[in-house]
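Chains as they are written, first to last, in our numbering: chain A, 83 to 404; chain B, 506 to 821.
If you're looking for bench data, these hints aren't it; they were derived computationally from the structure. A quick note: this is a predicted structure, and the numbers were derived from the prediction, not measured. From the three backbone atoms N, C-alpha and C, an ideal C-beta is built for every residue, glycine too. Treat the hints loosely; a few may be bogus.
[Said to hold, decoys possible] Which bits of chain A does chain B cover? Going by a derived footprint, with three or more residues having C-beta under 8 angstroms, they are: (1) 123-134; (2) 145-154; (3) 169-179.
[What the hints assert, rightly or not] Computed list of chain A residues with no C-beta within reach of chain B, every gap over 10 angstroms: (4) 85; (5) 86; (6) 99; (7) 137; (8) 140; (9) 142; (10) 163; (11) 214; (12) 217; (13) 273; (14) 288; (15) 318; (16) 367; (17) 397.
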Amino acid sequence: MKQGMATREAYGHTLVALGRENPNIVVLDADLSKSTMTKLFAEEFPDRFFDAGVAEQNMVGMAAGLASCGKIVFASSFAVFLPGRCFDQLRMSVAYSQMNVKVAASHSGLTVGEDGASHQSIEDLALIRSLPGFRIIVPADEVASAWATRTAASVVGPMYLRLGRPKSLIVYENGHDFVLGKAVRLLDGDDATIIANGRMLAEALQAAAICRDKGIAVRVLDMHTVEPLDREAVKDAAMETGAVVVAEEHLLNGGTGSAVALVLAEEYPVPIEFVAIKQAFGQSGDPASLLKAYGLTADDIVAAVEKAIARKRQIVSVRRGS
Amino acid sequence: MRAQSSAAFRAVCAKRLVKRKNGSADIDKNKRTSGLPSVSIDELERIALTVRRHIIVMTGKAGSGHPGGSLSAVEIVTSLLFAVMRHDPTDPRWPARDRLVLSKGHAAPVLYAALAEAGYFPVEWLESLRKLGSPLQGHPDMHRTPGVEMSTGSLGQGLSMAVGMALAGMLDKSDYRVFAIIGDGESDEGQIWEAAMAAAHYRLGNLVAVLDYNGLQIDGPNKQVMSIEPVADKWRSFGWHVVEVDGHDFRQLLDAFAQAESKKGQPTMIVARTVKGKGVSFMENVVDFHGKAPTVEQVESALRELSSPITGNGAR
């Protein structure tokens, strides 16, 4: 896989394109526009860009007020501050009020890297998933991020985009036809399914290649939309492969894995394994070392696949009474 | 037991509003004048009395709610909806309307009572306050109640929303004005001061905030719980034009709103000194009536007191 732009960069470029097409688009930031890449929009459309300063709570309120007057509002900061710093504001001013506000949070997950635990948002999906009305997209690469940004602008209502700091590996060809709420089946196989999103999709694809060499055929799903979750794809994966692994750059509690597990429990329980951060905070380090230290590599996914398949076989043999 | 209705007044308002809306000269940017023309102070005082009676009856019926901070804001809300703001009860989402955000959302009863009197919904709705399925939630809900501009209730957020609305007005080159009512206890919230900074930074002359300064919050007097003084100086130092008034005196309030309108490129804060529980002797300055409804006997006794208009001279 080739290296492309970071998802935050694709977001910034797409915002500019959207700004040219639609004068109703307004962008807010909280003194991080050079990092979230909203500076690109600010440079071209200074009248439609408002910096809130280091005041995320007020930024969310301003976003709600602008949206109430018909603006399509993108508000950006680091995921650790947005939603972390302003959960109540997102709950009251955006979710409960059903405002057309797009929360685009960059620097999500451990791969923020050297800044350490204070800046590594590994709980943002849990927060946003708890708010009714928020749609959630976790794009894996620049192509997916550009689509996610355009989708945010065109779909009315609160939306959360989970973006990353490091360059991402390119998974998709330009112009890939994504559908909100529909997982993408990137590889097929009968032995198990890996469900992943964001940074972990590239790891999942590498894991699938390792599995193939070991004679294990896995299905890989890009669960780019976490809300609404593609229940059908999850159910089909369970019925057709009998074992599921969810890989994400997020805490075990409250992330994509929790959402998938809920669907399996309700629809078709099969063994499920989680490649996610166990209940712990991050620390400083380069992204690759961090992923390794916290068990978020392709090898970890392979181990989880093997475990899930072993559990599946155990259940089958118990059922057969052998 | 229902409070007297000012249906006649509402009809007059509606007619004037429609005229203003259709006659383009009336909403011409250059000729824009404050809200409804020539409402007499006597009329406003009569409406305020009706609004007070509604607050007592509706919180009494609900058996819960926030009468104290509703009664303190009666003249503020009445001034806005009946004399200052450009709005149309028959068209709550009229794009050019002035906006009112009740940031201290727990004072929902005063807003509901005034909206009903202005003709946004039937006065009968007031009796459903806080009941399951009611359009009148315990705190304002923009999607359930016509005329409620923004959902509020978690303190400190409304002023930020108002800043956003004012920015949108600026972007759209629309001449609507945005009003936000905040509480003194609410002023403890850091977000209020974030919004204060942003409003001055973006030179929002179309934004007016009113501080309902009744001096009491849930745990006691501001002075004991968390001092906000010198509050007028704070707002001045944040770059706002500040006017201090007796928040129960319509003349002072209307003057302050007119002054605010003449300020260009600078937001205005009206520090309105008020009395919590104003108009009902046994509720005035009583901390407990922040979030406690009157009993049946107290409702009767309060309504006896609220039989003739009070004039604004009771502020501290």
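| said: Minimum C-beta separation from residue 214 of chain A to chain B exceeding 10 angstroms: can you confirm that? | reply: Answer for residue 214 of chain A: holds, closest chain B Cβ roughly 13 angstroms.
| request: Beyond 10 angstroms from every chain B Cβ: check whether that's true for residue 86 of chain A. | output: 34 angstroms, holds
| request: Report holds or violated for chain B covering the region 169-179 of chain A, Cβ cut-off 8 angstroms, minimum 3 residues. | output: Our answer is that it holds, as 7 residues pass the Cβ test (under 8 angstroms) against chain B, meeting three.
| query | Once the closest CB in chain B is found, is it more than 10 angstroms from residue 142 of chain A? | reply | Not fine: 7 angstroms to the nearest Cβ puts residue 142 of chain A too close to chain B.
| request: Mind taking a look at whether chain B covers the region 123-134 of chain A? Criterion is 3 or more residues with CB to CB distance under 8 angstroms. | output: holds (count 4)
| request: Over 10 angstroms to the closest beta carbon of chain B is the bar; see if residue 140 of chain A clears it. | output: Answer for residue 140 of chain A: violated, closest chain B Cβ roughly 4 angstroms.
| query | Checking the smallest CB distance to chain B, is residue 137 of chain A really beyond 10 angstroms? | reply | 4 angstroms, violated
| field | Non-interface label on residue 367 of chain A, tested against every C-beta of chain B at 10 angstroms | value | Residue 367 of chain A clear of chain B: closest Cβ-Cβ about 33 angstroms, beyond 10 angstroms.
| said: At least three residues with a C-beta closer than 8 angstroms to a C-beta of chain B: is that true for the region 145-154 of chain A? | reply: The restraint on the region 145-154 of chain A holds, since 9 of its residues have a Cβ under 8 angstroms from chain B and three suffice.
| Distal placement of residue 163 of chain A relative to chain B, Cβ over 10 angstroms | Consistent with the label, residue 163 of chain A stays out of reach of chain B, its closest Cβ about 13 angstroms off (over 10 angstroms).
| query | Would the least Cβ to Cβ distance between residue 318 of chain A and chain B come out above 10 angstroms? | reply | About 36 angstroms separates residue 318 of chain A from the closest Cβ of chain B, which puts it past 10 angstroms; holds.
| task | Confirm or reject the statement that residue 273 of chain A sits farther than 10 angstroms, beta carbon to beta carbon, from all of chain B. | result | 48 angstroms, holds
Comparing the model with each earlier hint shows violations of hints 7, 8 and 9; every other hint is respected.
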